[in-house]
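K.L.:
Assemble the whole structure, with the sequences as input and the hints as a guide.
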Amino acid sequence: MTPFFSSPPDLMEFKLKVWGVVKRIPPGNVATYGQVAALVQLPAGVAPQDYRAVGARWVGQAMAGSPPGVPWQRVINSQGKISLSGPSAETQRQLLEEEGVVFDGRGRVDLKKYQWQPHSS
DNA sequence: GTTGTGACATCGC
DNA sequence: CGCGATGCCACAA
1109 MTPFFSSPPD LMEFKLKVWG VVKRIPPGNV ATYGQVAALV QLPAGVAPQD YRAVGARWVG
1169 QAMAGSPPGV PWQRVINSQG KISLSGPSAE TQRQLLEEEG VVFDGRGRVD LKKYQWQPHS
1229 S
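For the first sequence, the residue numbers in this note's numbering are 1109 to 1229.
Hints are computed from structural coordinates only; laboratory data are not their basis. Worth double-checking, as some hints may not be accurate.
Said to hold, decoys possible - Ranges of calculated distance between the beta carbons of each label pair, as one might list FRET restraints:
(1) Glu1206 to Asp1118: 33 to 39 Å
(2) Gly1213 to Pro1156: 34 to 40 Å
(3) Gly1213 to Ala1155: 25 to 31 Å
(4) Gln1187 to Lys1131: 19 to 25 Å
(5) Gly1128 to Gly1153: 17 to 23 Å
Unchecked claim - With a Cα cut of at most 20 Å, we get these calculated EDC-like pairs of lysine to aspartate or glutamate:
(6) Lys1131 to Asp1158
(7) Lys1189 to Asp1158
(8) Lys1131 to Asp1212
Just so we're clear, the structure is a prediction, and the values are computed from it rather than from any experiment. Ideal placement from N, C-alpha and C gives every residue a C-beta, glycine not left out.
P.N.:
Set out below in structure tokens:
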């Protein structure tokens, strides 16, 4: 089913970098896994094209073990939807709605409006 | 040592 | 434009 594939050479190191990026996402904004992966420095010993292929999944793996203080709810998939299933998905949606993020009838957010723009610090 | 399970992105219909 | 199927590895129990 939902594939995952491999993990970075230094999983812990990678997680820390991912969390660092996620923490920079402002309230009311969201970022995709692929976007976060692109913002994270390329781990040593990993081919760029290879990273591009699995980076997003590595981010997901990193989020799975995100510690308190990390706004994991602001990270969603490229379709603008919540990747989680079950109660956790409702929790994430609830948190985002309280930040001002609006979900449409299909449970999707408008990335054109809410996707985080890193350069506009 | 074997089995099951994984916060995604992309292509096609 | 939206929804469904596909890809195929590492780690925990």
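K.L.:
Now tell me, hint by hint, if it's right for this structure.
P.N.:
Comparing the hints with the structure gives:
1. Glu1206 to Asp1118: 33 to 39 Å: 35 Å, holds
2. Gly1213 to Pro1156: 34 to 40 Å: 38 Å, holds
3. Gly1213 to Ala1155: 25 to 31 Å: At roughly 41 Å between Cβ atoms, Ala1155 and Gly1213 fall outside 25 to 31 Å, so the hint is violated.
4. Gln1187 to Lys1131: 19 to 25 Å: Given range 19 to 25 Å: holds, Cβ gap about 24 Å.
5. Gly1128 to Gly1153: 17 to 23 Å: 20 Å, holds
6. Lys1131 to Asp1158: 25 Å, violated
7. Lys1189 to Asp1158: Violated: Lys1189 and Asp1158 sit about 25 Å apart, past 20 Å.
8. Lys1131 to Asp1212: 25 Å, violated
Hint check: violations occur at hints 3, 6, 7, 8; the rest are consistent with the structure.
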